[in-house]
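J.: These two chains come separately, so use the hints to put the complex back together.
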Amino acid sequence: MKRGSLLFLIACVPLASGCEGSGEERGAIAGELGQGVFYYQCATESDGQCDEKAVRGEVDETTGSFPSVAVGGEFSIEYVSNTDQGANATYSLVATSDFVTFAETVLTAQATGITALVATDVNGYAEDLAHVRFETATKIRVSQTETAEQVDTGFAGGVSANVGGTDIEIDVGSTLNLPGRSFLRVVPTTDDGRILAGALPCTWSTGTPDAVRIVSSASNNVVDVEISGPGQLVVKLGDLEQTVVVGGSTP
Amino acid sequence: MRTFGIVQAAVVAALGLAAAGCQPEIDDIQVVIDSQPPGEASFSKSEFRITHGTAVAVSVTGVAEGEELESAVTLHISAYIRVVERVPPEDTDTIGSRFVLIADEVGEGTATVSTTDSGGELFIPVVVVPQAP
Numbered sequence: 008m009k010r011g012s013l014l015f016l017i018a019c020v021p022l023a024s025g026c027e028g029s030g031e032e033r034g035a036i037a038g039e040l041g042q043g044v045f046y047y048q049c050a051t052e053s054d055g056q057c058d059e060k061a062v063r064g065e066v067d068e069t070t071g072s073f074p075s076v077a078v079g080g081e082f083s084i085e086y087v088s089n090t091d092q093g094a095n096a097t098y099s100l101v102a103t104s105d106f107v108t109f110a111e112t113v114l115t116a117q118a119t120g121i122t123a124l125v126a127t128d129v130n131g132y133a134e135d136l137a138h139v140r141f142e143t144a145t146k147i148r149v150s151q152t153e154t155a156e157q158v159d160t161g162f163a164g165g166v167s168a169n170v171g172g173t174d175i176e177i178d179v180g181s182t183l184n185l186p187g188r189s190f191l192r193v194v195p196t197t198d199d200g201r202i203l204a205g206a207l208p209c210t211w212s213t214g215t216p217d218a219v220r221i222v223s224s225a226s227n228n229v230v231d232v233e234i235s236g237p238g239q240l241v242v243k244l245g246d247l248e249q250t251v252v253v254g255g256s257t258p
Numbered sequence: 089m090r091t092f093g094i095v096q097a098a099v100v101a102a103l104g105l106a107a108a109g110c111q112p113e114i115d116d117i118q119v120v121i122d123s124q125p126p127g128e129a130s131f132s133k134s135e136f137r138i139t140h141g142t143a144v145a146v147s148v149t150g151v152a153e154g155e156e157l158e159s160a161v162t163l164h165i166s167a168y169i170r171v172v173e174r175v176p177p178e179d180t181d182t183i184g185s186r187f188v189l190i191a192d193e194v195g196e197g198t199a200t201v202s203t204t205d206s207g208g209e210l211f212i213p214v215v216v217v218p219q220a221p
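Chains P and Y are the protein sequences, given in the same order.
In terms of my numbering, the first sequence opens at residue 8 and continues consecutively.
In terms of my numbering, the second sequence opens at residue 89 and continues consecutively.
The following block holds chain Y by itself, in its conformation from the complex (with noise of 0.2 Å):
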């Protein structure tokens, strides 16, 4: 009963905030590198930077004023940057979703980051380096 009443609350919070144009609209990302690439690779809202060749492992969180969407985030990259999604976690308090990062060719491109169930859009430039001589 209790389970059911949050619930309720929840949608019912979700409706309103719909109703008043306030979905939280994702203006930020958190990305933790969860493996260790030989290369230069670098994560922001201002930019991907990864090594061409290389593989990185990241866990990629959406963030709206401030505070951590929970939901799941949806990473596109045009071109230069494969995305592969990584083996969904056993452990469902995870936070982030999880993505290994292939650098295919030398080039800039633009990731588009958005999150399930929040407004808007990310758009981040990418650039893949070519690897040190």
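For reference, chain P alone in the conformation it holds in the complex (with noise of 0.2 Å):
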């Protein structure tokens, strides 16, 4: 018999995990049995949900959730106890594999639905529990942004409107006249524009080198591109793919 169970080690000493701050500064949730607070971290640089790269990306502040995640996609939970005998200590993670599965740090959700996540101690006792939600991304969005750099402010999960109000959809099939120089940023949202958090495979490419130049890594969800003349960029992220047709403004 299948057995749901696995147990991931997550390295909630702070200097071993490279935690910063102190939990008041940070976007988290609650545990459920108010024991403890559960951080969302980006696992790779391709989080849509993370405004700077492997830090905590934000609560919905709409439902004190956690943002739902894409199925496939790779994030991190951090658990910080707040009890005095917690303080210090190292935490593992235990959930049903149904739902995710774990790499060390990292977690992959599996399945679309809700799973639970249990902090234990290194006893084995079950401390706190949070559950985080699971949904397949159907679209991608592509959007013209203003700096490689992820903004200041992040997703909020649950959000429709672009990142800080600086992003610029791009319509499927249309064409751009981008200026020679752009960022363009791909995020995988639900049906109903929901941005969706965790990491899903991305590659840009293009058909076009001459005409298109990816300049930075082809690998994050914000790519860096000089643009000289008309041609296309393919992104895809995950199972979805979207083609942008570039213009070619004059640089």
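Don't read these hints as lab results, they were simulated from the structure.
What you are looking at is a predicted structure, and each value in this text was computed from that prediction instead of being measured.
Note that CB positions come from ideal geometry on N, CA and C, so glycine has one too.
Worth double-checking, as some hints may not be accurate.
Pair ranges (Cβ atoms, derived) [as the list claims (entries may be wrong)]:
| hint | chain 1 | residue 1 | chain 2 | residue 2 | range |
| --- | --- | --- | --- | --- | --- |
| 1 | P | Gly71 | Y | Ser132 | 27 to 33 Å |
| 2 | P | Lys146 | Y | His164 | 44 to 50 Å |
| 3 | Y | Val194 | P | Thr108 | 14 to 20 Å |
| 4 | Y | Lys133 | P | Lys146 | 46 to 52 Å |
| 5 | Y | Ile121 | P | Lys243 | 40 to 46 Å |
| 6 | P | Val241 | Y | Ile121 | 48 to 54 Å |
| 7 | P | Val252 | Y | Ala220 | 37 to 43 Å |
| 8 | P | Asp198 | Y | Pro177 | 41 to 47 Å |
| 9 | Y | Val120 | P | Val113 | 33 to 39 Å |
| 10 | Y | Pro177 | P | Lys243 | 35 to 41 Å |
| 11 | Y | Gly154 | P | Glu111 | 47 to 53 Å |
| 12 | P | Thr215 | Y | Ala220 | 46 to 52 Å |
| 13 | Y | Val194 | P | Thr145 | 23 to 29 Å |
Away from chain Y, derived, C-beta distances all over 10 Å, residues of chain P [what the hints assert, rightly or not]:
| hint | residue |
| --- | --- |
| 14 | Ala35 |
| 15 | Gly71 |
| 16 | Thr97 |
| 17 | Ser150 |
| 18 | Gly187 |
| 19 | Arg201 |
| 20 | Ser212 |
| 21 | Thr213 |
| 22 | Val222 |
| 23 | Glu233 |
| 24 | Pro237 |
T.: Below, the structure is given as structure tokens:
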């Protein structure tokens, strides 16, 4: 019989995990038993939910929950105990493998639904728990953005607007007269336009390298491109793909 | 001295009950749900029901002849639900043994509930239901 259990050691000793700051400074959700807090962390550079690399994502203010994570998306969760005996302790996460799998500190959403994450101490006792929702990305959204760096204001889960009002969504099939040097961002969304968290495999490519040059990492969900003529950019995020047609205005 | 007398009386009473075959047998349970799971979760003597993938924290107290048993509850579930004991409370007055139940797989099984100082066991059907679409 398949055993739906996995044990995942998360390094919540601050020095070991690179944890920074205090709980009050960061978006987090309280554990359902009030014994600690759970933090969403970006697993890789291509998580559309994270404003900087490998920092914590925002909590959905409308629900008080973590943002929904795209099925197939990678993410991390950090648990910090509020209890006296839990200070500086190391905790493990336990969950159901039907919904989430673990590879060291990285979790991968496996199926649509809600899953519990239970924080257990070194003795195997459960201290607190939280639930995370996984949803299938049905669309991807490509936007022109201001900078290669993620902007200061992170994506708030469930909010359909683009980041900080600075991104301009690019319609599918439209031709853009992008400036010579542009930054594009791709994020996974639901049918109703909610941006999903979780890092999906991301690849930018171009069939017209003479006209469109990818300057930055092609695996980041934000890409720096230099456009010198009419061409195409293709972005694949998870199983979804979109082509951006550029008109190539004069740099 | 007074404490010693009380302990003596308790021991004598327990021995007397045992000798007379009157050890209380667990015949019911009280389950307090300590967290609010996002899916269906209900617990009674007749059935444990929980939603696949979710977890719920509970405090379980054995009952014999209408009286709460103060002894610790042992909970074993053969499959489908994983039982994780919770961090022991600092408040020693807390009654009820505390667990987090994780619904690992959809299916039907059986929970066995007993207490450390009472006789008998309860066998309770367990159902893990799929998540609503």
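J.: Hints the structure violates: just list their numbers, smallest first.
T.: As far as the earlier hints go, only 10 is violated by this structure.
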